[in-house]
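S.K.: Listed below are the residues making up each chain.
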Amino acid sequence: MYISDDELLARVTKVLCSRRRESASPITLGSTFADLGLDSLDTLSLLFDTETEFGVTLPEAEAFSSRTIGCLLLLVRASLEAGEPVAADSVPSTLVVVA
Amino acid sequence: MIPHRVVVTGLGVVSGAGSTVERFWQNVTGGSSGAATITAVDPAMLGRTMAVEVPDGELGPLGALASSSMDRFAMFAMLAGAQAVTSAQLPDDVPWGERSAACTGTSVGGQSTQDRSFKELYGKATARVHPLTLPRAMSNAGAAHLSIRYGITGPTLTFATACAASNYAIGHAFWMLRMGVIDRAIAGGSEAPFSYGNLKAWEALHALDPRSCRPFSADRGGTILGEGAGMLVLETLEAAQQRNASIHAEIVGFGMTSDAHHLTQPSSDGAARAMRAALADASLPPSEIGYINAHGTGTHANDKSEAEAIRSVFGAASHVPAVSSTKAVHGHGQGATGGFEAIATILALRDSCLPPTANVLGAAADCPIDLIVGAARRTSAHSALSNTFAFGGMNAVLAFSRWNRQ
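Sequence lines, in order, name chains A and B. Quick note on the numbering used here: the first sequence kicks off at 1 and runs consecutively. Quick note on the numbering used here: the second sequence kicks off at 100 and runs consecutively.
Honestly, I wouldn't trust all of these hints.
As the list claims (entries may be wrong) - Short, incomplete list of chain A residues facing chain B, as computed with Cβ under 7 Å: (1) C17; (2) L44; (3) S45.
Unchecked claim - From chain B, some residues computed to sit far from chain A (all C-beta separations above 12 Å): (4) S168; (5) P234; (6) H305; (7) S345; (8) H361; (9) F490; (10) G491.
Hints were generated in silico from the structure; no laboratory data involved. Where a beta carbon is used, it is the ideal one built from N, C-alpha and C, also for glycine.
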């Protein structure tokens with residue numbers, strides 16, 4: 001299953017907005033996590049929620065060293081291509097851990 | 100050191116009997132119970148289905164945020180805390196600083212978060228849990244969020260003393276204020292007990308009534324659980340007067356004892372000693388107490404033991420103060436219940452109106468007390484006690500006095 005860059009960004013944006021208190025500043029590929037007001041705990045949550053959204057497991061070291069949305073999307077893309085891509089709406093509900 | 104007098108300047112409540120102080124008080128004085136068939140868990144999976152839930156529609160924007168970033172019990176603490184700060188007419192954008200405290204109580208903290216997360220994990224549907232699982236589940240999350248929100252950089256404490264937790268929190272805040280350690284505090288408790296696992300645990304204790312909560316009644320059969328938060332803003336009298344704050348009541352005493360007896364069976368001796376300790380702390384003789392907001396859970400064991408304790412402290416029937424339990428209205432909020440009941444006690448003194456015990460026609464023979472039933476009762480009571488007793492044999496009693504600007 002191919003997912004376009006625009007869709008990747010849209011789905012990560014949705015993940016981000018679900019946890020933000022106020023309206024998000026514009027989210028672009030170049031946005032850093034710091035630009036978006038994410039602290040370390042927020043970043044952990046973003047990585048977790050992104051994995052859940054796409055049904056992938058991101059490589060830990062690379063994921064933790066990511067600093068921009070663009071970098072995160074590259075990791076998602078690589079994980080999707082390396083494994084079996086799973087659309088969010090096809091993830092069994094039991095796999096979606098809602099904290 | 101001359102002890103400071105301590106006054107209540109702010110009230111906040113989120114409950115299934117009202118999520119404003121006005122609505123809550125209207126339902127409490129009207130004896131209008133918020134109990135209904137539970138919605139948080141499929142009632143078909145439960146043996147006891149009645150609960151006093153906070154409708155999601157009353158939670159506002161924080162409710163949506165809470166579903167992702169904080170457990171429901173912490174959200175309740177924040178909502179009631181914000182109400183209390185607004186009620187105290189304090190600015191919400193000025194940090195309170197080191198001369199302030201946040202003291203909260205809870206019985207089971209963020210157990211709903213654990214219940215959901217670990218269900219997936221133990222069911223092997225996933226091998227991981229969300230990174231916010233611990234920060235959401237920790238019992239001090241409510242106090243932590245309040246501290247962060249209001250810039251409270253002095254003591255931030257959480258008491259996990261089960262169904263007496265709120266009174267421990269309020270009592271310790273009171274003592275810190277009286278000793279001059281701080282000038283202002285947010286204190287109370289919150290609870291969100293409605294997860295499948297926790298409800299099953301309550302069912303296993305056979306402590307829940309299938310129909311309603313009927314405290315001190317001959318046909319009582321157990322309690323009904325409630326959720327929410329009750330929070331007070333407490334200040335030294337000097338601090339309150341300096342900013343010309345409105346004062347709801349004075350908090351004058353706090354007593355705490357342990358039964359050292361049994362994990363779940365109450366001891367009338369422990370309860371009586373807690374009431375005596377609160378009276379001694381307040382320098383009040385028993386004859387000055389005109390009202391007791393009882394722990395009154397509606398269980399056979401608690402109500403009989405508490406009635407015995409009241410008679411033990413106050414003596415002959417003619418000296419026993421009027422008693423009511425408001426739990427039939429707001430439910431047994433466990434760690435939050437002392438917060439609910441402190442507010443009911445404060446408003447009873449402020450408005451000269453003692454709330455009735457809902458769902459009850461009269462006191463049982465094994466509970467020989469002056470139980471207020473039917474309609475609210477007018478009062479000239481100057482002082483009152485609010486009792487809370489917890490599993491584990493922990494007893495905490497607060498004493499309040501009417502504020503007369505004396």
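S.K.: Hints broken by the structure, by number, lowest first?
M.R.: 1, 4 and 5
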